[in-house]
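Under the numbering used here, the residue at position 602 of the sequence shown is numbered 602, and the numbers go up by one with no gaps.
Bear in mind the hints are in silico, worked out from the structure with no lab data behind them. Treat the numbers as computed from the prediction; the structure is a model and nothing was measured. Using N, Cα and C, we set each Cβ at its ideal position, and we do this for glycine too. Check before you lean on any hint, since a few could be wrong.
[Unchecked claim] Each computed EDC-like pair below joins lysine to aspartate or glutamate, with the alpha-carbon atoms no more than 16 Å apart:
#, residue 1, residue 2
1, 403, 441
2, 940, 968
3, 807, 834
4, 269, 338
5, 769, 745
6, 816, 766
7, 778, 834
8, 866, 908
9, 816, 767
10, 140, 158
11, 769, 817
12, 688, 703
13, 692, 746
14, 865, 834
15, 542, 585
16, 279, 338
17, 514, 606
18, 918, 875
19, 190, 158
20, 439, 407
21, 570, 585
[As the list claims (entries may be wrong)] Simulated restraints, written as ranges between beta carbons of each label pair:
#, residue 1, residue 2, range
22, 801, 972, 25 to 33 Å
23, 717, 775, 18 to 26 Å
24, 717, 489, 54 to 62 Å
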Amino acid sequence: MLAVKLREEIADAKSESQLVRNINPVISWDDFKPTEGPDTPAQLGGLEGDPNWFFSHTYPTSVIKEVLKDTKEKIEGTGPGVFPLDGYLGSGKSHVLLTLYHIFRHPKEATEWFQKWGIDFPKIEDTIVIPVPLQNVSYKDLWIPFFKALGKDIDVEESDWPKSNQIKKAVGDKRVLMLIDEIDNWYDAKNNQEKARVRGFLQSLSETSEKPEYQLKLVTTFLGLSPDVKVLRDIVARPRGGSSIIMQRTEDIFDIVRFRLFESSDEEKIDKIILDYLKTVGEELRKKGLDENSHLRDELKRAYPFHPSFLRTLSSLKVRQMLVMLARVVMRKLDKVDLIISSDLDDDILRDYLHSANPKIVDAYFEDIRFVQNAKEVKDGIISFDLARAILITSMLNTTETKKGADIKDIIFGCSPKYKVQDIDDTISFLEKWTRLKKIEEDGIIRYIITTELPVAVKIERKAELISPDDALKIIKRLVEKTVSSEIRGYKLIYEPSEISNDKKLKILTLLEKPIDISSIYPSDFTNKNTLYILYPGYSLKSDETIKLARRIIASSKLAEIEEQKKPFKDFHKEYMKHLKKQIDNAGWRGFRWFRKNLKDKPTPDERTITNLKDVDETIKNYASKDLLKYFLNMVLEEQDEISVRDLKERLYRLEGAPILLKDEDLLSLLAEMEKIGEVAIKTKQGKTLYKESISLQIIGNEDVIKKPPETAVPPTTGDVTTLVKDKKKLRYKEYADNYPFIADEVLEKVYISSISPEDGIFVLEENKVVSRPTSTKLSALAVKEEAAKVLEPLVLKIVNEKIAVKIPELSEIFKETYGNSGITDDLVLMAADNLEIGAQIHILRKKDAIVIQLPEDRLIEEVKKKIFFEVKKEGEIKKEILIEELSKIIPTEKKTFDDAIAFLIDDGKLEFDRGTKKLSLPKKKGAPPKPPKKRIIIKEEGATIEIINKLESIVEDTDIIEDVRIEIVKDLSAKELKELLEKAGDMNIKLLARRKEI
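Construct all of the structure, not just a fragment, from the sequences and the given hints.
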């Protein structure tokens, strides 16, 4: 405290010096008694407890006005009821709380004070005021005075705190004001569990005060030095959007400080102050190899309460200006310092009295001060802002006055004695780098001046201010894209909602901040909503801090191109880029998609923390796992029993919260696995049902249908199989089994074998044979009689060609014994022969005692002729009847066939017949043979009717007898046409062979 007394006449002056009158003493809660209940409110004694004295010593600063304005809004139901005050020691936080205490405890005096200062404030109703000055009175729990003042008893668990509903119940319709002062030290002394309880209670209080229906107001002061207290402050400030009311406002100082200049001094105290000062400062000077100057003591005594080094820098001011300015300085420092030094000159006073004389340097100083105040080193506590300001203002004052700047001794004199010389040196190094503070050397003496030339950092900051936010965002986006694309590979990466396409490939959309409404980013035509995965930072990359950093990046890059000294700007650019990259890497990335538990309910948001961007791949693959795909498919089949592969894919692409389908092979592989173990069946486009088979992915098509296997399956009956065979004509075992995919093979095989019934026209084929029972059922086929007969046709033709003519039983036996057709019947063989006869490949001779299958007539005659000729030649001569009888045993055809064949051989001169002996023999070699009679000729023609008539006229006469006439009409006739044709033939014996066509 200054050892001086302000002069009374100056205090009473009607001039500018009146601004230094009536400075308030330090306001405190020294004489405070806490509340004992609703009928015994808290009491405050001393001067502070006297409302008349208090209001007469209280100026409504901008902070007080802001608090009153916010309080009015709370009373009127238009604002929150929380007021966190943030300021250092001595900044007036307690004064604000005491002001509110008196306003609500003494409304009459408060109303007069409002009127005096023209403050509009609602009529004050009865309010329960609950002061909690934690530097004067300590509570185990903050809620004790709160509920005590409201007359409510409450039991709280050791690990718990009162919740909002308990607070609301206690407050009810009452008007309550809770004032918590100096919470920092009290809170920092708590353990972690106790701190959690305090946070919980204050959060409940602030949430309740936010409700317009409860007239609860909470005012809390914070130093905010420790990280834990800062967290607490943020919780209380949450209803205000996270902002607190800052006490440090230089604009109030001019009006607050209204004291007089001193009129007397305490010489003994001054001597002690100077002695202590020289002892402290001298030690620091000696560390720099300097002495404190033998005249310094006398100068200090003459200039007290001002340091002579400070006064010398003001010598250019007019006396009146200096007196007014010093009066204001003294007002502010009277009870704060023992000696006024350069750094005690507040900025507003500096601007008022020194700016006009040296505007460029003063403006440069203020620009530097603003920069230093926001510098990271200062915010992190590495550099003291007060010390930095002291060095800058001392250097600036010496620059404006002497033009030579301040030497190290001047700087030490301008800084508070509490700072060590090492702190001063470190701060000077910081200021040389970041501000206009410049070191110069003249005559071997190092001095520091404030220049008007901007340092690199300041140039960058100025240039950055000209960069648009959009350009800054482009830089951020570009680095985000580079970072994301280097960490996430194998996916379609997009960075704007406008890039969302409706294709079916998974897209990862990376945003710079979390969208307020996810659905709002979808394009109107976007239907494949499950093909989008969204990535965004937990900490917005569009924040003012990040945009400011991006502006610096652009600014440093541009300045590196145009400035003569490029390296400093390039170095800054490199650091800024490194910092932005770090922000992006540590942005607390989140991955978002929808999740659903079932098909009916709406999907729910599924936001997951992405610790490392490389983890996105694993996260997405978890969403695309076979287990999830299988779970989803089972849900679908529970709902609708079957679904096509195409429709299932569409659901996976469109339905938000469904599993992700990265590629078709993932789904097809799952379907193949589930089909093989019988969890699903697949019905192909061709109608085939695949079940419990090993299948390749390639055979599963989009049109195939996935079906839920039945819980029970009914096996077919032999009647079902018979019907299926008659419908299909020929039914291979595999085709038959495909119709019953859910029946065990052994059951199907048993029914299949039981269905073989030649009597009912059902035959079994194996290896192109008609068998009685297949050796390998799965390689066989069931067939109706017509189909089985077709199998026999080639063999029938082969055997007839070999035998010339053969009876049905013998032919059947050959089939069984020689060719292994164990399942045939005579009827089946006859049907095969019928088919061949229709094709004119054989002829069926139906005799009374047997049915003979023989060659067609022309070939039959030729083959019989060969047999007869061979036998006659072998025997020399043989009776005709004996020959016919012997040949009939091996060629069971008609006798007439043999007669015709013999006649042809005789006519051709190849045999002779002795009518006396009835023997056949080869011709004898005699003279020329007699002229033969007309020979028999075979007439065999094919063609149109008129063509055959013309041919007959050329080879026979009308009197010739044409025997054994057979006419084959190669044409389909209607029954009517056939009858008309027969009627034209007249009365004669006819053998008709025809077949009615199947319709």
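Agreement of residue 865 and residue 834 with the hint, judged by alpha carbon distance not exceeding 16 Å: Judged against 16 Å, a Cα distance of about 26 Å means the pair is violated.
Run the distance test for residue 769 versus residue 817: straight-line Cα separation, threshold 16 Å. 12 Å, holds
Hinted pair residue 439 and residue 407, Cα distance within 16 Å: 9 Å, holds
Hint check: residue 940 vs residue 968, CA-CA at most 16 Å. Holds or violated? 11 Å, holds
Straight-line alpha-carbon gap residue 769 to residue 745, limit 16 Å: Distance of about 24 Å is beyond 16 Å: violated.
Residue 778 paired with residue 834 [C-alpha distance capped at 16 Å]: 31 Å, violated
Do residue 717 and residue 775 keep their Cβ atoms within the hinted range of 18 to 26 Å? 25 Å, holds
Need the status of pair residue 866, residue 908: alpha-carbon distance at most 16 Å? Measuring from Cα to Cα gives roughly 13 Å; hence the hint holds.
Below or equal to 16 Å on CA atoms is what counts here, so check residue 570 against residue 585. 22 Å, violated
So if I understand the rule, the pair passes when the alpha-carbon distance is 16 Å or less; does residue 807 with residue 834 pass? Satisfied, since the Cα-Cα distance of roughly 14 Å is no more than 16 Å.
Is the hinted pair residue 816 and residue 767 satisfied, with a Cα-Cα distance of at most 16 Å? OK: residue 816 and residue 767 at ~14 Å, within 16 Å.
Given pair status - residue 606, residue 514, alpha carbons within 16 Å: 13 Å, holds
Going through the hint list in order, the structure does not satisfy hints 5, 7, 14 and 21.
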